[in-house]
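Chains as they are written, first to last, in the working numbering: chain A, 1 to 101; chain B, 102 to 741; chain C, 742 to 932.
FYI, nobody ran anything at the bench for these hints, they're computed from the structure. C-beta: ideal position from N, C-alpha, C; glycine also. Each hint should be verified, as a subset may be incorrect.
Said to hold, decoys possible - With a cut-off of at most 25 Å between alpha-carbon atoms, the simulated DMTMM-like pairs for lysine to aspartate or glutamate come out as follows:
(1) B:LYS462 - B:GLU580
(2) B:LYS462 - B:ASP401
(3) C:LYS880 - A:ASP56
(4) B:LYS673 - B:GLU652
(5) A:LYS86 - C:GLU886
(6) B:LYS668 - B:ASP691
(7) B:LYS126 - B:GLU103
(8) C:LYS905 - C:GLU886
(9) B:LYS468 - B:GLU369
(10) B:LYS617 - B:ASP459
(11) B:LYS552 - B:GLU633
(12) A:LYS86 - C:ASP792
(13) B:LYS128 - B:ASP209
(14) B:LYS471 - B:ASP459
(15) C:LYS905 - A:ASP56
(16) B:LYS657 - B:GLU669
(17) B:LYS637 - B:ASP459
(18) B:LYS617 - B:GLU303
(19) A:LYS86 - C:GLU872
(20) C:LYS905 - A:ASP92
(21) B:LYS306 - B:GLU669
(22) A:LYS86 - C:GLU925
(23) B:LYS261 - B:GLU580
(24) A:LYS86 - C:GLU744
As the list claims (entries may be wrong) - Pair by pair, the computed Cβ-Cβ distance ranges are:
(25) B:SER678 - C:PHE816: 53 to 63 Å
(26) A:HIS7 - C:LYS880: 27 to 37 Å
(27) B:VAL720 - C:VAL887: 47 to 57 Å
(28) B:ASP676 - C:VAL901: 35 to 45 Å
What follows is each chain in one-letter form.
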Amino acid sequence: MEIGLNHYLVLSAILFAIGLIGVMRRKNLLMLFFATEILLNSVNISFAAISHYYGDLTGQMFAFFVIAIAASEVAVGLGLLIVWHKSHNNIDLEQMSTMRG
Amino acid sequence: MELFLYVALFSPLVGSLFAALFTAKPKTIITGIIPSTLLVVSFLSSSVLLGHVLSTGESVHVELMTWISTGHLHIPFGFVVDQVSVTMMMVVTIVSSVVHVYAIGYMDHDKGFNRFFAWLSAFVFSMLILVMSDNYAGLFIGWEGVGLCSWGLIGFWFHKESASWAANEAFIMNRIADLGMLIGIFLVYWNTGTLQYDGAFEAFKTLDNSTLTMIGIFLFIGAMGKSAQFPLHTWLADAMEGPTPVSALIHAATMVTAGVYLVVRSNELYSLIPDVGLFIASLGTFVAMFAASMALVNRDIKRVIAYSTLSQLGYMFAAAGLGAYWVALFHLMAHAFFKALLFLGAGNVMHAMDSELDPFKMGGLGKVMKGSMIMMTLASVALAGLFPLAGFFSKDVILEAAFAEHHFIIYTVLLLTAGLTAFYSFRIIALIFHGEERYKLFGFHPHEAYKFMLVAMSPLLILAVIAGAFRTTFFSMVEEILSATEYHIHSHVTFWMMTIGTQLFVILAIAYAYKKYMSRDIKLPDGTSDMENSFKYKLLINQYYIPYFYENYLVKPYRGLSKVFWKEIDQKVVDASVDGIAKVIYTTGDTTRAMQSGNLSTMLKWMVTGIVVLLSLAVVFGLAARHSDGLRVVLSGLGV
Amino acid sequence: MFEAIAFYLFAFLTIVMFFITVTTAQALYALTSLAAGMIFISAFFFILGADFLGAVQIVVYSGAVMALYAFGMMFFDTTRDVKEKKGNSLIIFGLSTLAAFLVVVIFVAPMVTDNITAFYPIIEGVGNTQEVGVVLFTKYLIPFEVAAVMLLVAMVAGIVLAGKKMDLSLTEMSDAEIRDMREEKNKKVLS
């Protein structure tokens, strides 16, 4: 049974859907970060798979940059999260409603 | 020569702008002097141009710049000084120079002194554009410009209800006529592809008769409005609400003759359609009689002169309609001089009588106002057409033309009108200057106008007296571009009989007027005498009930209709739909405000929804692009 | 055959791990399953021949990022559950599935038909790491450097944000001191 590009894309899509579910469902900010990681990784799989099946390294390059961005995001995001937790003593999304118009 | 052309054209504009700078400031004499000086400059430049045209017989044609150039439509700001337009320029600049100087004295005590000169000079500029333009579009600009300035000047004393009403009436009446004019211009462009006079006239020769008739009629509708011909005549008498110098300049000498100028300018068109010409002549004759009859009884000296203007315009149209374009233009010129003089004289009387206009309250003013009396009397003689003053030469030729063309009905009516003209002119002269000094009963203290005002009027007086002498020169000048027909009655006996007969008739009318109105028992009419209760008098004093007719059968139904449209269509359809759109947006905002709950989780959900929508759009467009050929087939099959 | 078995195995494992991550109430479970999922993803990279990427995935994600999360969690009271209000899960699943489906459609659609030529073809017989190195340091040098700077900036930001008042230790402070500090902070927040 040959594993083709479509298999990887479908897998990537499934993971992406799981990530979206996490993003929409979780109220814990930390979990939200985890869900974002899942989203990014699902995309990375697509990149690597496309790179492989088309014999083109560009996809891998993009995956690298995505990883770099994910790392920075985690660093800054966690910092903000800690600041928030320090001042409000919670990391509940429902409590963050200062953006109410 | 081009320099003189530009100087003549633009110095009134400069004067107007200069005066306009001071409109918010209290009166300064300088705003009167500078525009007047600039007008004299304009007059001198026009004279140079006249000399040039007279000596070389060539016209000066310049193109200032391109105005509109799109597709096949090319309209430049072009100006032409030929025999016709130079005549008009001379008339306009002479009369307006005189009126400007006169107005310095007349408007002496008016708060709007500076504003007055701004408007007046702007009017002269517009009028010069009108007469000098070398195409119909430029003529139309001037046409509208004089209309606007006329509106501003009739309503100069806008705090008076009647003045602003009269201004609006004049403007709206002209607007109605301008629609006809515009349609005429559109037809010219539609059929000839150009608006330049030369090109259009050339192309008219190849057009069929019905098209030309349409063009001629629609252009003439515009002329009817501006020259206050029946049935659009009511505004002219009401326009007398404006200051008297305005009446003299705009509503006697220049603007109202623009209609005649249009017909004369388009002579090549009207020569091709003699039927329309006959209609114009008949209408002119009718108006001449009609207006003169209203002037017989009116008790407002300015209105009498206004009706007389109307009547004289009728004469001009009669001449133009009969193909005697040069006669019309000549009468226009002569009329401008003596009518402006008459108006300015009336202005002096008004000034002396504290704006009282009823001649029955005057009488015997000749003793205190000798200068004005002489001027007005001479102007009236000229108007009546007595030898050897200007009116004789111009008016007599119109009669001769009518006779020579064998339009005897027109001839007879015009002859009768000449008698009426003489009668009503001398009726007011007699009432104002002769007879018992009735003004003393009303406590007026009349005084003669300023010396310089009389001096300013003197050029007009001289021209009114001697203009007839230019007839031969004028004829030889304009025959270059107007059909040169000398009207000769073939039999000498008939000619002399006609001339002398006319003169005798006119003199009799004058004598009758003097006899009737110089008598000592003229009393202020109080509505009790038999004459005043007669049907004829009522008909005439009420202007044949035409204003009532307009008010009751045109204005009121229109107002009612407007009200219905306002209530039923504007409020219920237009307003409702606009409000509806606003309401939809407002409600949408109100209901979707919940989306902005500030809850990050909700926002994320909406964000995902947005992503899904965008992705679906991407898919749809991608598919559409891929299968565009197929889609096109399907759509074309559906008839899209 | 081996490839297929490996693919399905790891696919199953990854999906399960990530599913646990998004559904579990325990933060620690979520973290652990996420880390496991990351490692399983690296397996795909190895299958696909992107050895270097796989290694980076393990090092950066399972090593750095997960460690960062683990440290971060020390600041929070992870034992206390954040109350998860269950929304309409049908909408959530529907939207996610639809989005995923559309993404697949978009990616698959042009690739089935269009003929794409490779800009940087994989050269036979040369190691993946070497190829990646060549491309990264020639064509993508500037983005690479920019990414490096970005990481530096992120690091500084993380330290600055998280590092405030690191010198204070709640465990060593008396209750009164803590109360004072809280009040002061509240004032600051309120003002």
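Now for the hints, and whether the structure bears them out:
Restraint check for LYS462 of chain B and GLU580 of chain B: the C-alpha separation of about 48 Å exceeds 25 Å, so the hint is violated. Note on LYS462 of chain B and ASP401 of chain B: the hinted pairing holds, with a Cα-Cα distance of about 11 Å set against a maximum of 25 Å. Of the pairs offered as hints, the one joining LYS880 of chain C and ASP56 of chain A holds, with about 13 Å between alpha carbons and a cut-off of 25 Å not exceeded. For the proposed pair LYS673 of chain B and GLU652 of chain B, the alpha carbon gap of about 28 Å is over 25 Å, so the pair is violated.
At roughly 34 Å between alpha-carbon atoms, LYS86 of chain A and GLU886 of chain C are farther apart than 25 Å, so this suggested pair is violated. With a CA separation close to 30 Å, the supplied pair LYS668 of chain B and ASP691 of chain B exceeds the 25 Å bound. For a cut-off of 25 Å, the pair hint linking LYS126 of chain B to GLU103 of chain B is broken: about 36 Å separates their Cα positions. As the CA atoms of LYS905 of chain C and GLU886 of chain C are separated by approximately 29 Å, the hinted pair breaks the 25 Å bound.
Under the criterion of a C-alpha separation no larger than 25 Å, the hint pairing LYS468 of chain B with GLU369 of chain B is inconsistent with the structure, at around 52 Å. Proposed proximity of LYS617 of chain B and ASP459 of chain B is supported: the alpha carbons are some 17 Å apart, at most 25 Å. Only pairs whose Cα atoms come within 25 Å are accepted, and LYS552 of chain B paired with GLU633 of chain B is rejected, the gap being roughly 39 Å. This hinted pair does not check out: LYS86 of chain A and ASP792 of chain C have alpha carbons roughly 41 Å apart, beyond 25 Å.
Proposed proximity of LYS128 of chain B and ASP209 of chain B is supported: the alpha carbons are some 9 Å apart, at most 25 Å. Only pairs whose Cα atoms come within 25 Å are accepted, and LYS471 of chain B paired with ASP459 of chain B is accepted, the gap being roughly 20 Å. For the proposed pair LYS905 of chain C and ASP56 of chain A, the alpha carbon gap of about 45 Å is over 25 Å, so the pair is violated. A threshold of 25 Å between alpha carbons decides the hint, and for LYS657 of chain B with GLU669 of chain B the separation of about 18 Å falls inside it, so the pair holds.
Straight-line distance between C-alpha atoms of LYS637 of chain B and ASP459 of chain B comes to about 20 Å, which keeps the hinted pair within the 25 Å bound. Distance check on the hinted pair: LYS617 of chain B and GLU303 of chain B sit about 56 Å apart at the alpha-carbon level, beyond 25 Å; violated. Distance restraint check for LYS86 of chain A and GLU872 of chain C: the Cα-Cα separation of roughly 46 Å exceeds the 25 Å cut-off, and the hinted pair is therefore not satisfied. Only pairs whose Cα atoms come within 25 Å are accepted, and LYS905 of chain C paired with ASP92 of chain A is accepted, the gap being roughly 21 Å.
The straight-line distance between the Cα atoms of LYS306 of chain B and GLU669 of chain B is roughly 50 Å, outside the 25 Å bound, and the hint therefore fails. The suggested pairing of LYS86 of chain A with GLU925 of chain C holds, with an alpha-carbon distance near 13 Å, which does not exceed 25 Å. Taking the CA atoms of LYS261 of chain B and GLU580 of chain B, the gap is near 47 Å; set against the 25 Å cutoff, the hint is violated. The suggested pairing of LYS86 of chain A with GLU744 of chain C is violated, with an alpha-carbon distance near 49 Å, which exceeds 25 Å.
Distance hint check: the CB atoms of SER678 of chain B and PHE816 of chain C are about 59 Å apart, consistent with the given range 53 to 63 Å. Hint check: HIS7 of chain A to LYS880 of chain C, Cβ distance near 29 Å, so the stated range 27 to 37 Å holds. For the hinted restraint 47 to 57 Å between VAL720 of chain B and VAL887 of chain C, the CB-CB distance of approximately 33 Å leaves it violated. Between ASP676 of chain B and VAL901 of chain C the beta carbon distance is about 59 Å. The supplied range of 35 to 45 Å is therefore violated.
This entry does not satisfy hints 1, 4, 5, 6, 7, 8, 9, 11, 12, 15, 18, 19, 21, 23, 24, 27 and 28, going by the numbered hints stated previously.
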